[in-house]
Amino acid sequence: MISSGRKYLTAGLLSWQDCLAYRANAAIWALVDGCGSMVMALIWLSVFRDRGEIGGYSLNQMITYYLVASAVSLLTTPHMEYNIIWEIRQGLLSGYLTRPADRYTMHIVSETVWQVMKFLMFLPSYLVVCWFLRRYIIITLTPLNLLFFCSAVLLAYLINCGMKMLLGSVAFWVTETRGLFQVLECLWGLLSGEILPLSLLPIWLTVIGGFLPFKYVVWFPTELFLDRVPVQEAVLGLGLQVCWAVVLLVVSRLVWMRGLAVYEGVGG
Amino acid sequence: MKWGCSMPTTPVITARHLSKTYYTFRKPEGLRGALRSLFYRERVAREAVKGISFTVAPGELVGFLGPNGAGKTTTLKMLTGILHPTAGEAYVLGHIPWKREKSLLKQIALVMGQKSQLWWDLPAADTFLLNKDIYELSTSDYRRRLKELTELFELEDLLHIPVRQLSLGERMKCELAACLLHSPTVLFLDEPTIGLDLVSQRKLRHFLKEYNARHQLTIVLTSHYMQDVKELCRRVVVINHGVIIYDGSISDLLAQHAGTRLIKLTWAEPLPDQQVQEDMRRSLMTLAENSERRFRIAEFDAWSTVLEVSGGATAAGRTAAQITAVIPVSDVQIQEPDIEKVMAELFSTAPASGTDGAGDERAGSRL
Chain R
1 MISSGRKYLT AGLLSWQDCL AYRANAAIWA LVDGCGSMVM ALIWLSVFRD
51 RGEIGGYSLN QMITYYLVAS AVSLLTTPHM EYNIIWEIRQ GLLSGYLTRP
101 ADRYTMHIVS ETVWQVMKFL MFLPSYLVVC WFLRRYIIIT LTPLNLLFFC
151 SAVLLAYLIN CGMKMLLGSV AFWVTETRGL FQVLECLWGL LSGEILPLSL
201 LPIWLTVIGG FLPFKYVVWF PTELFLDRVP VQEAVLGLGL QVCWAVVLLV
251 VSRLVWMRGL AVYEGVGG
Chain X
1 MKWGCSMPTT PVITARHLSK TYYTFRKPEG LRGALRSLFY RERVAREAVK
51 GISFTVAPGE LVGFLGPNGA GKTTTLKMLT GILHPTAGEA YVLGHIPWKR
101 EKSLLKQIAL VMGQKSQLWW DLPAADTFLL NKDIYELSTS DYRRRLKELT
151 ELFELEDLLH IPVRQLSLGE RMKCELAACL LHSPTVLFLD EPTIGLDLVS
201 QRKLRHFLKE YNARHQLTIV LTSHYMQDVK ELCRRVVVIN HGVIIYDGSI
251 SDLLAQHAGT RLIKLTWAEP LPDQQVQEDM RRSLMTLAEN SERRFRIAEF
301 DAWSTVLEVS GGATAAGRTA AQITAVIPVS DVQIQEPDIE KVMAELFSTA
351 PASGTDGAGD ERAGSRL
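If you read the sequences in order, they're chains R and X. Mapping to the working numbering: the first sequence position 149 is 149, numbers consecutive. Mapping to the working numbering: the second sequence position 73 is 73, numbers consecutive.
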């Protein structure tokens, strides 16, 4: 069991080293991933100039929301779907299928290692922005909140892994999937709360979003951090996160297995 | 002539009526075709492998030969579990390969000439370490294997250079070593020498031969370089249009499909003038008429002659003996027919069974 887990960890660490081979590129990706929400925080500073509250958020809450949301989004958004389609389209998956290691698990572990590294690289610039905006930041975390928040971040990551593995697996059937990725990224940005807190969206959109997993990946953990969710709702939310994570991981695993049966391993 | 069927040992690989059909979409040419294909696409089935059967015995070195698109790589992909077949069954070391059981995967290895399995931006040594964990090798086993392979493949100076900076020949040596670290029982090689220069090809073949002599593993190789198969494999499976058109030894293949051998005779003394040359030519022709095997003079000059004789090596030997008993010569060479030529003839002939692309099944689908 230990040796079985070790191969995935080694693969993960190797992908870390692989990313470090192009250090400048890795740093740029880390910055790009996080800077969107920080820009939004600056925009809200000017929007709030002569208003006390927007969508139920004070200026301080709004700024804190974006700073937390950007960190949560960076930490919980893997991008393995691009690697998956590349491997399927180029037939590179073939090499992994003949070795006694599960490529599905390897994708998740490698991406997890990369997430940690990306976050560490993002941290210095993030802390600089936080320092500039320090007078707007409100932290009212209780130990229970912190526990809820950390659990929610972990579950958000698992939900995203399920979604991205599912998305990548589509390439087993559809050769060109980048269009689909773009559509889903737009939906993700809008319904996850990364672009706007969900209370600012039209009601019909939040109703639709309620049936989808997106709001549990950024909005829910961020609201927990801001202490805007009553304990009962927080527990219910965490339960729903577990359900979404299990459903998406199981479905993506099944789709992956079905995909392997139709995989053609193109090219010599 | 199904070689493996009569082997007394349990086959390492068994394939029975293995078939694979790929489905693609046909797009008519031009803008009009592109617009039409937005609403209606013609689905085309292409049978890459058509019900092939064969067995491979332990320790055998089998070469799959065939032109591009013949179905040899598809067969290899089914045997290594990458592809699920459309029909038929296969067993490798008693396992169904496409179930990808760990116990099977730990005993096989695949090297692909056109796809690197090494991490591109990292030195090969890092991939070796990953393989150590993937195949769950102990540190002492790993070190021992690494030392052996480093010496055999002369990798000492290559292990710590990023793979992208290695030459193709160097990379292939590393690929091979990475796949052999876990001491597989069966090694599959898909076009291992493709793109390599002649010296690197020869070196790689030498390493493979050397390794096989030491470890006696079963090797299944695909190639369209005749030299690979000729030098490495005693048995060859020729596949074309998805069907096996020959399965047996290379020498038998040459005997069956090459109608002629060449006998080169060098005269004991150069023939001084036209008259002597004409007399010699006449004597040869008389011998040819009386010989049990007919032969023909392909080349003739003052120093030597080349005769074309029908039949195998024995017939050519007998004919040469018959001639040299009468005509004094300083040297006799019996040349095998060119394998490349034999293959080209074999590939251009229609397959023994099955059909080619003309039999493809087509169906339209609205999307």
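Read the hints as simulated data drawn from the structure, not as lab findings. Possibly wrong hints are sitting among the right ones.
Claimed, not checked - Reference excerpt, derived from the structure (chain X facing chain R, CB under 7 Å, subset only): (1) 38; (2) 40; (3) 41; (4) 42; (5) 106; (6) 115; (7) 117; (8) 280.
Beta carbons: idealized from backbone N, C-alpha and C, even for Gly.
Comparing the hints with the structure gives:
1. 38: Hint on residue 38 of chain X: violated, closest Cβ of chain R at ~14 Å, above 7 Å.
2. 40: violated, 18 Å
3. 41: violated, 13 Å
4. 42: violated, 17 Å
5. 106: Hint holds; residue 106 of chain X Cβ to chain R Cβ min 5 Å, cut 7 Å.
6. 115: holds, 6 Å
7. 117: This interface hint holds because 4 Å falls under the 7 Å limit.
8. 280: Violated - the Cβ of residue 280 of chain X stays beyond 7 Å from chain R, reaching only about 53 Å at its closest.
Violated hints, in rising order: 1, 2, 3, 4 and 8; the structure is consistent with all others.
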